[in-house]
Amino acid sequence: MRITNAYCIVTSPGRNFVTLKIVTDEGVYGIGDATLNGRELAVASYLNDHVIPCLIGRDPQRIEDIWQYLYKGAYWRRGPVTMSAIAAVDTALWDIKAKVAGLPLYQLLGGKSRDGVMVYAHANGRDIEEALDRVDYYREKGFKAIRVQTGVPGLDKVYGVQKGEAYEPAIRSAAPDETLWATEPYLDHAPRLFEAVRDRFGWDLHLLHDVHHRLTPIEAARLGRSLEPFRLFWMEDPTPAENQEAFRLIRQHTTTPIAVGEVFNSIHDCRELIQNQLIDYIRATVVHAGGITHLRRIAGLAELYQVRTGCHGATDLSPVCMGAALHFDTWVPNFGVQEYMIHSAETDAVFPHAYSYADGALHPGEAPGHGVDIDEELAAKYPYTPAYLPVARLRDGTMWNW
Numbered sequence: 001m002r003i004t005n006a007y008c009i010v011t012s013p014g015r016n017f018v019t020l021k022i023v024t025d026e027g028v029y030g031i032g033d034a035t036l037n038g039r040e041l042a043v044a045s046y047l048n049d050h051v052i053p054c055l056i057g058r059d060p061q062r063i064e065d066i067w068q069y070l071y072k073g074a075y076w077r078r079g080p081v082t083m084s085a086i087a088a089v090d091t092a093l094w095d096i097k098a099k100v101a102g103l104p105l106y107q108l109l110g111g112k113s114r115d116g117v118m119v120y121a122h123a124n125g126r127d128i129e130e131a132l133d134r135v136d137y138y139r140e141k142g143f144k145a146i147r148v149q150t151g152v153p154g155l156d157k158v159y160g161v162q163k164g165e166a167y168e169p170a171i172r173s174a175a176p177d178e179t180l181w182a183t184e185p186y187l188d189h190a191p192r193l194f195e196a197v198r199d200r201f202g203w204d205l206h207l208l209h210d211v212h213h214r215l216t217p218i219e220a221a222r223l224g225r226s227l228e229p230f231r232l233f234w235m236e237d238p239t240p241a242e243n244q245e246a247f248r249l250i251r252q253h254t255t256t257p258i259a260v261g262e263v264f265n266s267i268h269d270c271r272e273l274i275q276n277q278l279i280d281y282i283r284a285t286v287v288h289a290g291g292i293t294h295l296r297r298i299a300g301l302a303e304l305y306q307v308r309t310g311c312h313g314a315t316d317l318s319p320v321c322m323g324a325a326l327h328f329d330t331w332v333p334n335f336g337v338q339e340y341m342i343h344s345a346e347t348d349a350v351f352p353h354a355y356s357y358a359d360g361a362l363h364p365g366e367a368p369g370h371g372v373d374i375d376e377e378l379a380a381k382y383p384y385t386p387a388y389l390p391v392a393r394l395r396d397g398t399m400w401n402w
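The sequence shown begins at 1 in my numbering and counts up one residue at a time.
Please note that a few of the clues may not be correct.
Here are the simulated DSSO-like cross-link-like pairs (lysine-lysine), alpha carbons at most 30 Å apart as the crow flies [to be verified]:
#1 K141 / K157
#2 K99 / K21
#3 K99 / K72
#4 K144 / K112
#5 K99 / K112
#6 K381 / K21
#7 K21 / K112
#8 K141 / K112
#9 K157 / K144
#10 K144 / K381
#11 K144 / K72
Restraint-style ranges between C-beta atoms, simulated for each label pair [stated by the list, open to error]:
#12 E140 / D199: 12 to 20 Å
#13 Y167 / Y7: 30 to 38 Å
#14 P333 / T385: 21 to 29 Å
#15 M1 / V391: 41 to 49 Å
Since the hints were derived computationally from the structure, they do not count as laboratory data. Beta carbons: idealized from backbone N, C-alpha and C, even for Gly.
Could you put together the complete structure from these sequences and hints?
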C-alpha cells in the first residue's frame, strides 16, 4: 500500500477547521484534524508546502516511522504548528490502519478499558443564578461532570461566559477583541459561585472550573484553598505553565486537584509536572500534541505517577479530533474525564460521525477507523473566515494572559 494523494480541506461551518485527507492506492483513505484556533492557515500551509510532498509514495501503515520522520527530519522540533501538522498525519494514518483491519480504532490500541467515556459539559452564566440554571440544564441531560463559569461583577467580558446560546471565544474580525481583566474581584467571586452550586445541587456532581492561565502561582494557591470546601474535580490552568516549577508553589498550599495541558504540544511540556506530581490531570489533546502516537507516550508517563488524562475537547477541535480522542479515551488505562462541547448542527453535517452521547458518557462507535468522515461538497459551501481569540488587559492597560 502506498500514499498517492494528500490534501487539506479548510472549512468554516460556524468556525474554522482544517482537515487533512490522505488517500492510498488501494482506495482506503484517512482524515486527521489540523485545526489550530486563530492560526489555522499556518498549519494548512505547513502541511501543503512542507509535509504533503514528503508523504507521497510512502507506506501509510508505517505510522511510527512516519511520525519520527516528520518530527526528527524537520530539525526544528515541537511548537503548536509543527505538532498540529504531525498530529493530522498521524490521526489519518491510524484511521487508515484501522479501516484496513476492519476494526474500530480502540481495538488496535489495545481494546476497551471502560464501557463509556465520562464527559463534562460547560455550564456558563452571566451571573450566579444563570450559571445555576445551566448546571440544572446539563444535569437533566444526564451529565455527571459539569464545568461551571460565571461573569464577575465589574467586568464586562469574562472567559467562558457566552452572550448567546453557545459559547464561541473566537471572534470573526480583522483583529482580536480586547477584554478587561481584574484578579481581585474574581478571587472573591469564584468561591461564592461554587458555594451556591453545592447548596442547590448537593454533592453528587463532579464540578470543574477553568482559571484559564490568569493567576500568578500564589494567587492560584489562594483560589485553590478557597475552593477546597466545595470539593472540585479539578481547577484547570491555574497559571501559565512555561515555568513548570511554578506549580510547586500552588501544590504546597492547596489540595484542590490541578489540571493543565490544553496548550501543550509535547511530552517535554509536562514532563516535570508529571514526574514531580505537581498536577493530577494532563489535558493534552490529539490534535495539538502530535497525534495518537505521541499522546500515548504522554499518557504512559502520566500513568507511572498516577496522573490521569482529561483531554481538551472544546469546539475549536473538529469532530475528527473528538472521534480520535474517544477511541484513545476508551483504551487509555489512566483515564480521568473528557471535555465535551457540543458542535453546531452545521459542523456535525460537514463531519458525520459514529460517536454518540448517552447518560453522561460518549461512545466512539464500532465503525472501522476513528468513525468520523468529511462531506467535502458540503464543506466547500463554508469558506474560511478570519477569526481570532480575544486578548486581555488589566485595568491599567497592561497586557495579560487571556
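To see whether the hints hold, each was checked on the structure:
1. K141 / K157: At roughly 28 Å apart (the allowed maximum being 30 Å), K157 and K141 satisfy the hint.
2. K99 / K21: It holds: about 14 Å lies between the C-alpha atoms, which stays within 30 Å.
3. K99 / K72: holds, 28 Å
4. K144 / K112: holds, 21 Å
5. K99 / K112: holds, 18 Å
6. K381 / K21: holds, 18 Å
7. K21 / K112: holds, 27 Å
8. K141 / K112: With a Cα-Cα distance of about 25 Å, the restraint between K141 and K112 holds, given a limit of 30 Å.
9. K157 / K144: Within the cut-off at roughly 28 Å; holds.
10. K144 / K381: Given that 30 Å is the threshold and the Cα spacing comes to 37 Å, the pair is violated.
11. K144 / K72: Outside the cut-off at roughly 42 Å; violated.
12. E140 / D199: 12 to 20 Å: Distance hint for E140, D199 holds at roughly 18 Å.
13. Y167 / Y7: 30 to 38 Å: holds, 32 Å
14. P333 / T385: 21 to 29 Å: violated, 41 Å
15. M1 / V391: 41 to 49 Å: Cβ of M1 to Cβ of V391: about 46 Å, so the range 41 to 49 Å holds.
In summary, the structure is inconsistent with hints 10, 11, 14 from the numbered list given earlier, while agreeing with the others.
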